[in-house]
Amino acid sequence: MIRVEDLAIVLPGFALEDINLQVDPGEAFALLGPTGAGKTLLLEAIIGVVPVTRGRIFIDGCNLTGLPPERRRIGILYQDHALFPHLDVAENIAYGQRYCTSVLPDLGPLIERLGLQRLLKRRIHSLSGGEKQRVALARSLAVAPSVLLLDEPLTALDPNFREDIRGLLKTLHQDTGITLLMVTHDFAEAHFMAQRTAVMNRGRIEQVGPVDAIFDRPETPFVADFVGMKNFFPAVIEGHDAIIGNMRLRCTSQDGDFHAVAIRPENIRVRKGPFDGGTENYLEGKLKRILNRGFYADVRVDVDGIPFRAIDTRRHLNRTALAEGDTVHLAIAPEDIHLMRGLRQQRQRLIG
Amino acid sequence: MIRVEDLAIVLPGFALEDINLQVDPGEAFALLGPTGAGKTLLLEAIIGVVPVTRGRIFIDGCNLTGLPPERRRIGILYQDHALFPHLDVAENIAYGQRYCTSVLPDLGPLIERLGLQRLLKRRIHSLSGGEKQRVALARSLAVAPSVLLLDEPLTALDPNFREDIRGLLKTLHQDTGITLLMVTHDFAEAHFMAQRTAVMNRGRIEQVGPVDAIFDRPETPFVADFVGMKNFFPAVIEGHDAIIGNMRLRCTSQDGDFHAVAIRPENIRVRKGPFDGGTENYLEGKLKRILNRGFYADVRVDVDGIPFRAIDTRRHLNRTALAEGDTVHLAIAPEDIHLMRGLRQQRQRLIG
Amino acid sequence: MSKTTDDALPLPSPGSGCCRVDPFLGIALAASAIIMAFILLPLVEMVVQPSVDDLRETWSDPDVIRAIGMSLYTSGTAALIAFVFGTPFAYLMARKQFPGKRLVESVVDLPIMIPHPVVGIALLSMAGRHHWFGRILNQLNIQIMGTVTGIVCVLTFVGLPFYINAVKTGFEAVPARLETVSRSLGASPWSTFFRITLPLAWRSMLVGLIMCMARAVSEFGAVVIVAYHPMVAPVMIYERFTAYGLKYSQPVAVGLIMVCLVLFLLLRWASPRKDGTA
Amino acid sequence: MSKTTDDALPLPSPGSGCCRVDPFLGIALAASAIIMAFILLPLVEMVVQPSVDDLRETWSDPDVIRAIGMSLYTSGTAALIAFVFGTPFAYLMARKQFPGKRLVESVVDLPIMIPHPVVGIALLSMAGRHHWFGRILNQLNIQIMGTVTGIVCVLTFVGLPFYINAVKTGFEAVPARLETVSRSLGASPWSTFFRITLPLAWRSMLVGLIMCMARAVSEFGAVVIVAYHPMVAPVMIYERFTAYGLKYSQPVAVGLIMVCLVLFLLLRWASPRKDGTA
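Protein chains in written order, with the working numbering: chain U, 1 to 352; chain L, 1 to 352; chain E, 1 to 278; chain A, 1 to 278.
Chain U on its own, in the form it takes in the complex:
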């Protein structure tokens, strides 16, 4: 169990503030956020190498705030694996053994579990990326930490290794019941690995909750953008309708005091001709731009001065021969329109 209370770290030019987090025993928790949000800094404060300005850190109920890293028993797995290059695989794995002889006296099962039996005598620089990450994992687990921190453990890996290590981490977590706190900037990764997640931005936590809840119901414009709701508009909500400018969109009714809507670009369908009548919202606008993204494309449509962003496959775009400047029709299902609190109310929420 990890608990972070009112943590603040003030550095020249950057500050983490008001960090409150609780990771339950055996839970896998993801810290999400863009580069520079302060995620790694928070991890390093929990390990104990960055001094804390204010606040407290508890692991399994013990206050560790003042302890040096070597007395915290927290494992760490970095994206660049941080293996000791002058030691071989076996020496790397056994590195922490002499400081905690009581735990895990036999590393055999762990080594076998991670498929490292045949690599034990190899030098670090001769390993592949995936092998290095497995060795690093074995090294941190060999001292039986109460908590394992993962700093983007998959980012630096080849896509194929990535799937292996991801699966390995998941099953290890399920089997050992170790508490995991992982840092990532990739929502899909958080979705696969974690039960709950916190989204960080500029040194603050913007939203905490189950992964699905954050994906489906972001509470701030930043989180909405981060989970892919690229369309964010201030709106007036009247009953089942959201009024944006002089547009009226039907939505499903939700309880709460809402002053904005957010829509995923992939939930906006675009075509040249009008849609047949139905239960969806239909709009007409001008296609401003098509931005190629490889297999798919971003489509920017202006509807009465409001810029909508849609995503469509290039296959479909080519078939329908949509081009910049065309008049196009949009369809948005009511259940895909996400109602949000306004900007003003968001700072009033309490997190944690």
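Because the hints were derived from the structure by calculation, they are not lab data.
A few of these clues could be false.
Derived lysine to any residue pairs resembling SDA-like cross-links, with alpha carbons at most 20 Å apart [claimed, not checked]:
no.: 1; chain 1: E; residue 1: LYS96; chain 2: A; residue 2: SER32
no.: 2; chain 1: E; residue 1: LYS247; chain 2: A; residue 2: ILE39
no.: 3; chain 1: A; residue 1: LYS247; chain 2: E; residue 2: MET126
no.: 4; chain 1: A; residue 1: LYS247; chain 2: E; residue 2: HIS131
no.: 5; chain 1: E; residue 1: LYS101; chain 2: A; residue 2: TRP269
no.: 6; chain 1: U; residue 1: LYS288; chain 2: L; residue 2: THR171
no.: 7; chain 1: E; residue 1: LYS101; chain 2: A; residue 2: ALA270
no.: 8; chain 1: E; residue 1: LYS101; chain 2: A; residue 2: LYS96
no.: 9; chain 1: A; residue 1: LYS101; chain 2: E; residue 2: ARG268
no.: 10; chain 1: A; residue 1: LYS96; chain 2: E; residue 2: LEU25
no.: 11; chain 1: L; residue 1: LYS288; chain 2: U; residue 2: GLN79
no.: 12; chain 1: E; residue 1: LYS96; chain 2: L; residue 2: THR53
The following residues of chain L were derived to be distant from chain U, with all beta-carbon distances above 12 Å [what the hints assert, rightly or not]:
no.: 13; residue: PHE14
no.: 14; residue: GLU44
no.: 15; residue: GLN79
no.: 16; residue: ALA90
no.: 17; residue: GLU91
no.: 18; residue: GLY108
no.: 19; residue: SER128
no.: 20; residue: HIS191
no.: 21; residue: ARG196
no.: 22; residue: ASP257
no.: 23; residue: GLY305
no.: 24; residue: ALA321
no.: 25; residue: LEU322
no.: 26; residue: PRO334
no.: 27; residue: LEU339
By construction, the Cβ of each residue, glycine as well, lies at the ideal position given by its N, Cα and C atoms.
Please arrange chains L, E and A on chain U, whose structure you already have, making use of the hints.
Chains L, E and A only, in chain U's frame:
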């Protein structure tokens, strides 16, 4: 006009060999290839800063092979813009003027065309990425080069600037009729900018031709993979059928001696239930893996031991609830099956 | 989450700050303090000790002024020679790759490692009448022993590596691509060097000049072999120390330290900033 | 594409190689050749000139052997002191960020810029009876003037910057993250330093030691002020030169150059390779 004849550049650890290229007057030509293929080296040989081991380089019919760069009149636009940081915008643009006073005596129209009037007194480091690239373009065009080389001019730019610069380059090319040779690793970019293209790999040219021809009819496994035909299988062609293992796929008949097929992953449709009968090829296989790629996903399906790769949107995958381990059905239209020469015959082709 | 159970545990209270006073850091800090004191104390004492009268006396002694002037003149000339010959050499080393490059780099550093009197002796041996080179010099009527030429010669020898290394680093920091673009715009290698490379590397060249000169000003062992007269400041310090004792040599030493301090401040001012503004 | 029209044009033929012999490169190569000759010729002549008999005589002279031995002993001790105090200091400088860090770095470089006799005079002034520090030394019965202690003291002063700068670079090349991981695995700062940092930075420490020692062996101006006796090799070279002339000092100089050459070769062997193998 650019003509490269039997060019070879041998460096320690890398060699360009058998390079034959012709870029016609006023043409826009793209050199495509992955990082490390030797594209930039070829550009620098054409500019004249890399000495040539063998072969000759002609511009507008003149043999330039032995000339120093300053006597070649070739413009170059680098992805990192390479502006002179100690000079302001106007000084950068006018840099080459003193060496060729006769051409383009008045830079006014060029500056206006590129929208740089208000930036002339600005320092380089205060410009945005797009502005920097426009200044670099003006600088190289100010000496009225006979040929303009572009070294991934869009790669380092923000996606929004990228569209601007790309459009600017295209219209400039259309209006001025300057010969363009651009290097890129992005097929979409080549498609937008160029009429013809050459695909390079490991210091050699693999295929030359119109952009569409290369996209639709790659001739080597490398080019097939590069243009997105991720499914490549050796096959026996019998009339209208391609026989892969114990599978028989209908294709459209093509003339030639073919021994392999290539299929784009986005042309393979996947679903849980069987397809209705039709003119397509229907296969049944086991879904081995779903690899998330953000908006879409790679789907790996094993059909009788042959691994197929398909692409589908995550929206569709979620709706149909496909999961790893499921038995699934594939549909491939005959016109999407591309017939190729076998591996053995490919080295016999003559390029250029 | 109830706080009572957690807080009751017998663990160090937060803020006890055991990370900050750990013996590892303590010992490192102590060692650092000793080093700083070891370097700074003698120099500070040196500058602070002499009374205003002592200093006035020193600066009004024409011999002292002449010696310091000779030091500045010979070192400056050495720096200038390093500039003329070292700049193209540093440019080649920064831009070209060739087999044996590391060996050439080592050779450039040799003068730092050669004992100072040996430098003087080696140059004198070359210039002697028994040596072919010495005979050439003799025919050209160039004297090394006991002349300004000789002093400049040894000072150039000891100062060169400092100039070359600083300028090479400066040239390496100028992207070769800028030179490529300049030449593609029609500029010759000369124009490119003077319009692009030089303006972007001048700070490093200034740093190199100052370091070369500072090293030359401080040289004694090589100079004293080649030329006791004309007297440069370090030789005068030594002469006064041996002839009249410590107290009498101190004012000259202070005068020379002042010169070095000015060079030191110039160096700090000239050093390229890390934020990259030229 | 018809070849005839193209080839008929009056343009330089391929391979005329006008890029290779341009005057820019020619002048740069000439300057480089002059510099290499200027550095290498005197040293090579020095090593080659003495006959085998000269050398045998030198090496059988017990005074010469004693002086070179004293040089090695005092420089080695200075390097050892630099190692003990400089290592933690260099570690702090490599790992910690603090305001004024650039100033501290400049202070470390000061001994390079201080004229050599001034170093001796400054240390002697500190150790004099009129100075509080001198009185402390006196009570501890430590003599600076004319003792091995004094020699080691000035040699440490001039050698320190070379050790500290080399080792700091070495420590900076060890990722701080490796130390973080080591501590998270239960290792104390001490264990981490000896099991991770030291094994990864030993090459730089060796380079630092050699450079510090080479600089100390070559020092003359500071030593000759503090202690004419016990005599180190550079002082002996100077003494023989002034007393008996150039020819008599050469064999000692050759002996000392040999020592420096060994250090130079050691340095090249120890320098971290660019391919990153430790």
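Here's how the hints hold up against the structure:
1. Proposed proximity of LYS96 (chain E) and SER32 (chain A) is supported: the alpha carbons are some 13 Å apart, at most 20 Å.
2. Taking the CA atoms of LYS247 (chain E) and ILE39 (chain A), the gap is about 38 Å. The hint is violated against a cut of 20 Å.
3. Between LYS247 (chain A) and MET126 (chain E), the direct Cα distance comes to roughly 12 Å. Compliance with the 20 Å bound is thereby established for this hinted pair.
4. Simply put, LYS247 (chain A) and HIS131 (chain E) have alpha-carbon atoms about 13 Å apart, close enough for the 20 Å limit, and the pair holds.
5. Restraint check for LYS101 (chain E) and TRP269 (chain A): the C-alpha separation of about 15 Å stays at or below 20 Å, so the hint holds.
6. For the hint pairing LYS288 (chain U) with THR171 (chain L), the CA-to-CA distance comes to about 18 Å; that is within 20 Å, so the pair holds.
7. Restraint check: the Cα-Cα separation between LYS101 (chain E) and ALA270 (chain A) comes to about 17 Å, which is no more than 20 Å; the hinted pair holds.
8. Between LYS101 (chain E) and LYS96 (chain A) the CA atoms are separated by roughly 34 Å; this puts the pair beyond 20 Å, and the hint is violated.
9. With a CA separation close to 13 Å, the supplied pair LYS101 (chain A) and ARG268 (chain E) stays within the 20 Å bound.
10. Proximity of LYS96 (chain A) to LEU25 (chain E) is assessed by CA-CA distance (about 11 Å); at most 20 Å being required, the pair is judged to hold.
11. At roughly 27 Å between alpha-carbon atoms, LYS288 (chain L) and GLN79 (chain U) are farther apart than 20 Å, so this suggested pair is violated.
12. Distance hint between LYS96 (chain E) and THR53 (chain L) is fulfilled; the C-alpha atoms sit about 18 Å from each other, no more than 20 Å.
13. At roughly 22 Å, the least C-beta separation between PHE14 (chain L) and chain U is larger than 12 Å, which holds for a residue marked as non-interface.
14. For GLU44 (chain L), the condition that its CB be more than 12 Å from all CB atoms of chain U holds, with the nearest at approximately 28 Å.
15. Annotated as non-interface, GLN79 (chain L) keeps its C-beta farther than 12 Å from every C-beta of chain U; the closest such distance is 18 Å.
16. The Cβ of ALA90 (chain L) lies farther than 12 Å from every Cβ of chain U, with a closest approach of about 32 Å, so its non-interface assignment holds.
17. Here GLU91 (chain L) stays apart from chain U, with its beta-carbon at least about 33 Å from theirs, past the 12 Å limit.
18. Even its closest Cβ contact with chain U, about 30 Å, leaves GLY108 (chain L) beyond 12 Å, as expected for a residue assigned away from the interface.
19. The Cβ of SER128 (chain L) lies farther than 12 Å from every Cβ of chain U, with a closest approach of about 18 Å, so its non-interface assignment holds.
20. Distance check on HIS191 (chain L): its Cβ comes as close as 9 Å (rounded) to a Cβ of chain U, failing to clear the 12 Å threshold; non-interface status is violated.
21. Against the 12 Å criterion, ARG196 (chain L) stays outside the reach of chain U, whose nearest CB is about 20 Å from its own CB.
22. At the 12 Å boundary, the C-beta of ASP257 (chain L) stays outside the reach of chain U, the nearest C-beta of that chain being 31 Å off.
23. Against the 12 Å criterion, GLY305 (chain L) stays outside the reach of chain U, whose nearest CB is about 19 Å from its own CB.
24. No Cβ of chain U approaches the Cβ of ALA321 (chain L) within 12 Å, the least distance being about 16 Å, so the stated non-interface status holds.
25. At roughly 16 Å, the least C-beta separation between LEU322 (chain L) and chain U is larger than 12 Å, which holds for a residue marked as non-interface.
26. Every beta carbon of chain U lies more than 12 Å from that of PRO334 (chain L), the smallest distance being close to 17 Å; the non-interface claim holds.
27. With a minimum CB-CB distance of about 21 Å to chain U, LEU339 (chain L) clears the 12 Å threshold, and the non-interface call stands.
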